[in-house]
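> Got chain A sorted already, so can you dock chain B onto it with the hints?
Residue numbers (numbering that gives the first Met the number 0), protein chains in the order written: chain A, 0 to 406; chain B, 0 to 406.
If you are wondering where the hints come from, they were derived from the structure by calculation, not from laboratory data.
Worth double-checking, as some hints may not be accurate.
Since the list gives no way to pick one copy over another, a pair counts as held whenever it fits inside one copy or between any two copies.
[What the hints assert, rightly or not] Straight-line alpha carbon distances no greater than 30 Å define the calculated BS3-like cross-link-like pairs of lysine-lysine that follow: (1) Lys164 / Lys402; (2) Lys402 / Lys87; (3) Lys1 / Lys87; (4) Lys402 / Lys348; (5) Lys21 / Lys371; (6) Lys362 / Lys348; (7) Lys289 / Lys191; (8) Lys168 / Lys402; (9) Lys204 / Lys321; (10) Lys115 / Lys289; (11) Lys115 / Lys403; (12) Lys371 / Lys168; (13) Lys34 / Lys204; (14) Lys34 / Lys212; (15) Lys403 / Lys139; (16) Lys139 / Lys402; (17) Lys21 / Lys362.
Number of protein chains: 2
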Amino acid sequence: MKALFIIIDGVSDRPNPELDGKTPMQYAETPNLDKLAALSITGLHDPIAPGVVPGSDTAHLALFGVDPLVAYTGRGPFEAAGIGMDVKAGDVAFRANFATVDENRIIVSRRAGRIKEGTHELVSLLEGQTIEGVKVLIGKGTEHRCAVVLRGKGISADVTMNDPKVDGKPIKQFKPTADSDEARLTASVLTKFVEFAERILPGSKTNADRLQKGKLAANTMLVRGAGVSPHLPDFSTTHGLNAVCVAGGGLYKGVARMVGMDILEVPGATGGLDTDLDAKVNAATRALEKYNFVFLHVKATDNLGHDGNAVGKAEFLAKVDKAFAPLISLPDDTVILVTGDHSTPCPFKDHSADPVPIMLRGKQQRLDDVIKFDEYSVVRGGLGRILGIHIMPILINEMRLGKKFGA
Amino acid sequence: MKALFIIIDGVSDRPNPELDGKTPMQYAETPNLDKLAALSITGLHDPIAPGVVPGSDTAHLALFGVDPLVAYTGRGPFEAAGIGMDVKAGDVAFRANFATVDENRIIVSRRAGRIKEGTHELVSLLEGQTIEGVKVLIGKGTEHRCAVVLRGKGISADVTMNDPKVDGKPIKQFKPTADSDEARLTASVLTKFVEFAERILPGSKTNADRLQKGKLAANTMLVRGAGVSPHLPDFSTTHGLNAVCVAGGGLYKGVARMVGMDILEVPGATGGLDTDLDAKVNAATRALEKYNFVFLHVKATDNLGHDGNAVGKAEFLAKVDKAFAPLISLPDDTVILVTGDHSTPCPFKDHSADPVPIMLRGKQQRLDDVIKFDEYSVVRGGLGRILGIHIMPILINEMRLGKKFGA
Numbered sequence: 000m001k002a003l004f005i006i007i008d009g010v011s012d013r014p015n016p017e018l019d020g021k022t023p024m025q026y027a028e029t030p031n032l033d034k035l036a037a038l039s040i041t042g043l044h045d046p047i048a049p050g051v052v053p054g055s056d057t058a059h060l061a062l063f064g065v066d067p068l069v070a071y072t073g074r075g076p077f078e079a080a081g082i083g084m085d086v087k088a089g090d091v092a093f094r095a096n097f098a099t100v101d102e103n104r105i106i107v108s109r110r111a112g113r114i115k116e117g118t119h120e121l122v123s124l125l126e127g128q129t130i131e132g133v134k135v136l137i138g139k140g141t142e143h144r145c146a147v148v149l150r151g152k153g154i155s156a157d158v159t160m161n162d163p164k165v166d167g168k169p170i171k172q173f174k175p176t177a178d179s180d181e182a183r184l185t186a187s188v189l190t191k192f193v194e195f196a197e198r199i200l201p202g203s204k205t206n207a208d209r210l211q212k213g214k215l216a217a218n219t220m221l222v223r224g225a226g227v228s229p230h231l232p233d234f235s236t237t238h239g240l241n242a243v244c245v246a247g248g249g250l251y252k253g254v255a256r257m258v259g260m261d262i263l264e265v266p267g268a269t270g271g272l273d274t275d276l277d278a279k280v281n282a283a284t285r286a287l288e289k290y291n292f293v294f295l296h297v298k299a300t301d302n303l304g305h306d307g308n309a310v311g312k313a314e315f316l317a318k319v320d321k322a323f324a325p326l327i328s329l330p331d332d333t334v335i336l337v338t339g340d341h342s343t344p345c346p347f348k349d350h351s352a353d354p355v356p357i358m359l360r361g362k363q364q365r366l367d368d369v370i371k372f373d374e375y376s377v378v379r380g381g382l383g384r385i386l387g388i389h390i391m392p393i394l395i396n397e398m399r400l401g402k403k404f405g406a
Numbered sequence: 000m001k002a003l004f005i006i007i008d009g010v011s012d013r014p015n016p017e018l019d020g021k022t023p024m025q026y027a028e029t030p031n032l033d034k035l036a037a038l039s040i041t042g043l044h045d046p047i048a049p050g051v052v053p054g055s056d057t058a059h060l061a062l063f064g065v066d067p068l069v070a071y072t073g074r075g076p077f078e079a080a081g082i083g084m085d086v087k088a089g090d091v092a093f094r095a096n097f098a099t100v101d102e103n104r105i106i107v108s109r110r111a112g113r114i115k116e117g118t119h120e121l122v123s124l125l126e127g128q129t130i131e132g133v134k135v136l137i138g139k140g141t142e143h144r145c146a147v148v149l150r151g152k153g154i155s156a157d158v159t160m161n162d163p164k165v166d167g168k169p170i171k172q173f174k175p176t177a178d179s180d181e182a183r184l185t186a187s188v189l190t191k192f193v194e195f196a197e198r199i200l201p202g203s204k205t206n207a208d209r210l211q212k213g214k215l216a217a218n219t220m221l222v223r224g225a226g227v228s229p230h231l232p233d234f235s236t237t238h239g240l241n242a243v244c245v246a247g248g249g250l251y252k253g254v255a256r257m258v259g260m261d262i263l264e265v266p267g268a269t270g271g272l273d274t275d276l277d278a279k280v281n282a283a284t285r286a287l288e289k290y291n292f293v294f295l296h297v298k299a300t301d302n303l304g305h306d307g308n309a310v311g312k313a314e315f316l317a318k319v320d321k322a323f324a325p326l327i328s329l330p331d332d333t334v335i336l337v338t339g340d341h342s343t344p345c346p347f348k349d350h351s352a353d354p355v356p357i358m359l360r361g362k363q364q365r366l367d368d369v370i371k372f373d374e375y376s377v378v379r380g381g382l383g384r385i386l387g388i389h390i391m392p393i394l395i396n397e398m399r400l401g402k403k404f405g406a
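The following block holds chain A by itself, in its conformation from the complex (with noise of 0.2 Å):
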């Protein structure tokens, strides 16, 4: 059997004004979810533990099958894996931002006036330096965003960071947190690659342009969120599974790529509102030709959410729908499991802990009376609450695939 894992990041909410008190999966017409909900055996989910507010990272841990209370080390190694760096097992990774500082090195702007165009060159820039033995490797995020990863021995994720988090403070010293060598030339390792960048950046034709535009320069880098890069359990050695991923978000590739995931790159795959849908859903039904297990990420829902657009995320949420019209037809050697990795409601504008629906289509399995897919109808489903760390199990089992623990 195969299974298409289907996140719908965020989709989950609370009752809306705008929506007569509704959610916007009570809310927004979704024939197809709702159909599938028919075929399904329902419930809620805590993505971590109930009442625990999940970050997008260890919620996909949970729901990938690994206790983020062990692997999530921080988010460096999350931040550089999303945006596409492949972070290996024992790296030390951190999230960065180019940054504005004075003569006097003072923080002028953290995010470097929020500069957008340019920081390829920056971060080519700043490539390809290997420090006291310690190879540093940068990748590009969004606008002032970057990652930095520190591969080679003797390294640790014992260092403080140098950004003092506000405007106008001088920047820190980094400094290890540990009485150890390893902390010591972490420390040493980046204080020099500081250094490096406030010689090399002032003189790029990104921040020659800037000046000239009368806009700050990206002086300086800020690092923070050290972490050890995990040793995730492999998708192929720990279920057997042939996995592949299709995101527009560079977390979720992230993250997959983490646990063993191919990644499909989808033409028109955004991670925004302007998505190309029904070339993700195409993409996913295909790869199951290939695959045996197949992660297909919707991304907007969350972003509506954390706008507080109500309205927008109803909306979104039908387009969804329309595009899983072709889910109904998949065979039933296909389970389809459709869920979230936390709610966002829109009275939040952020994640909350709120339990998320999940729905799992399988073959000959049991059912229960729920026919719609929201927040509300599945509270009475089969599955019944359970946590996000139960979900691959369960998804495994119902693969046929779960191994017996005893005779």
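Frame of chain A; chain B shown alone:
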């Protein structure tokens, strides 16, 4: 946002023949609780875990978000905290009874004939001892009960009790249960303290009065329930809450104090049937002006369960409901959570592991179709079946104070 966290002790029950096969929650007229249920998301919780019979102390720890499997170090520290002693982390605390021994140190009465009066004098006679460098603190409980707290270096909870647990047997020796200097010192300090008590107590005015009236003298002390007082996380640092407790019963104030709540003394709050419920509700709602977390505890439902008095329990619950009328009009920026700490079914006359109804009224929250607050109705509730330890995180999420795990 603010929160009013209400525990009706032992409120949940089982069907009782005296109530036409209904539970007290089902039988009692509770229009206000039911109105609140209609405005709430409801469900059931297992205070510790399914099938585990909770104590009042362990249940309250869990409901305050502290894992009792980690933090519960024996009854002593909680008993001591419960009678108002300022137990510090690291103290070794014990439950104790005034008791009567004959000239051969055979126990005549483990409770000194259930002594009620004069124990204040007895405690004052025993106060202020330092034995082998260890401070011995003593606190007065109800009737024959008190608590002994050892404070100092080099002590432990690895000692046996001197209580033979039945009348007619000789008082026991304190013995170390570990081969350690700490255990030996503790046994020695307790032995000398009880020797001291047996020298001092016979000469008390209280005992002279008792003998004259033909009552048993409180001429020794039985000590049991050793526990090292745990270091509990503080509500203010853990959750950023400014919390206060409104309770009659000592134990509840004690646990509340241990997690960093202020204690509001309310005249008429007795922890019994005669408690002034209106005064407590009034104090709790007024405390919401100063505090952002108010814990309101109602005790007598549990007492009536222990008595097997189902009719009395239903009647008292109806009174509680009347007193709760003002809660309905609390503004929606106050989260209202109502639950019990465990079930005390009248047919058991003791605590049981039956899960406990819970309801949470938040702001713009998901609801369910439950409109009655009882054991049967909440089975269909939107919270499902959760653990006691999950309640605080869910409440914190509802207060929008939840910290994201990950990004």
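> For lysine 139 and lysine 402, with the copy left unspecified, which applies at a CA distance of at most 30 Å: within, between, both, or neither?
Intra 41 Å, inter 28 Å, cutoff 30 Å: inter-copy only.
> First find the shortest C-alpha distance between lysine 34 and lysine 212 inside one copy, then the shortest across copies, and answer within, between, both or neither for a cut-off of 30 Å.
So lysine 34 and lysine 212 fail the 30 Å test inside a copy (55 Å) and across (63 Å) alike.
> My question is about lysine 402 and lysine 87: at a cut-off of 30 Å on alpha-carbon distance, are they close within one copy, between copies, both, or neither?
both (29 Å within a copy, 28 Å between copies)
> Indicate which option fits the pair lysine 115, lysine 403 if close means a Cα-Cα distance not exceeding 30 Å: within, between, both or neither.
Close across copies (27 Å), not inside one copy (52 Å); limit 30 Å.
> Between the shortest in-copy and the shortest cross-copy C-alpha distance, which are at most 30 Å for lysine 168 and lysine 402: within, between, both, or neither?
For lysine 168 and lysine 402, only the inter-copy Cα distance (26 Å) is at most 30 Å; the intra-copy one is 56 Å.
> At most 30 Å between C-alpha atoms: does lysine 21 with lysine 371 qualify within a copy, between copies, both, or neither?
The answer is both: 13 Å in one copy and 23 Å across copies each meet 30 Å.
> How would you classify lysine 204 and lysine 321 at a CA-CA limit of 30 Å: within, between, both, or neither?
Cα proximity of lysine 204 and lysine 321: none, with 46 Å in one copy and 75 Å across.
> If the cutoff is 30 Å on CA atoms, where do lysine 289 and lysine 191 land: within, between, both or neither? Let me know, please.
Classified as neither; 47 Å inside a copy, 51 Å across copies.
> Under a CA distance limit of 30 Å, which applies to lysine 21 and lysine 362: within one copy, between copies, both, or neither?
Close across copies (14 Å), not inside one copy (32 Å); limit 30 Å.
> Is it within a copy, between copies, both, or neither that the alpha carbon of lysine 34 lies no farther than 30 Å from that of lysine 204?
neither (55 Å within a copy, 68 Å between copies)
> Under a CA distance limit of 30 Å, which applies to lysine 371 and lysine 168: within one copy, between copies, both, or neither?
Answer is neither: 52 Å inside a copy and 57 Å across each miss the 30 Å cutoff.
> Treating 30 Å as the Cα threshold, decide for lysine 1 and lysine 87: within, between, both or neither.
within (28 Å within a copy, 45 Å between copies)
The structure fails to meet hints 7, 9, 10, 12, 13, 14 from the earlier list, while all remaining hints are met.
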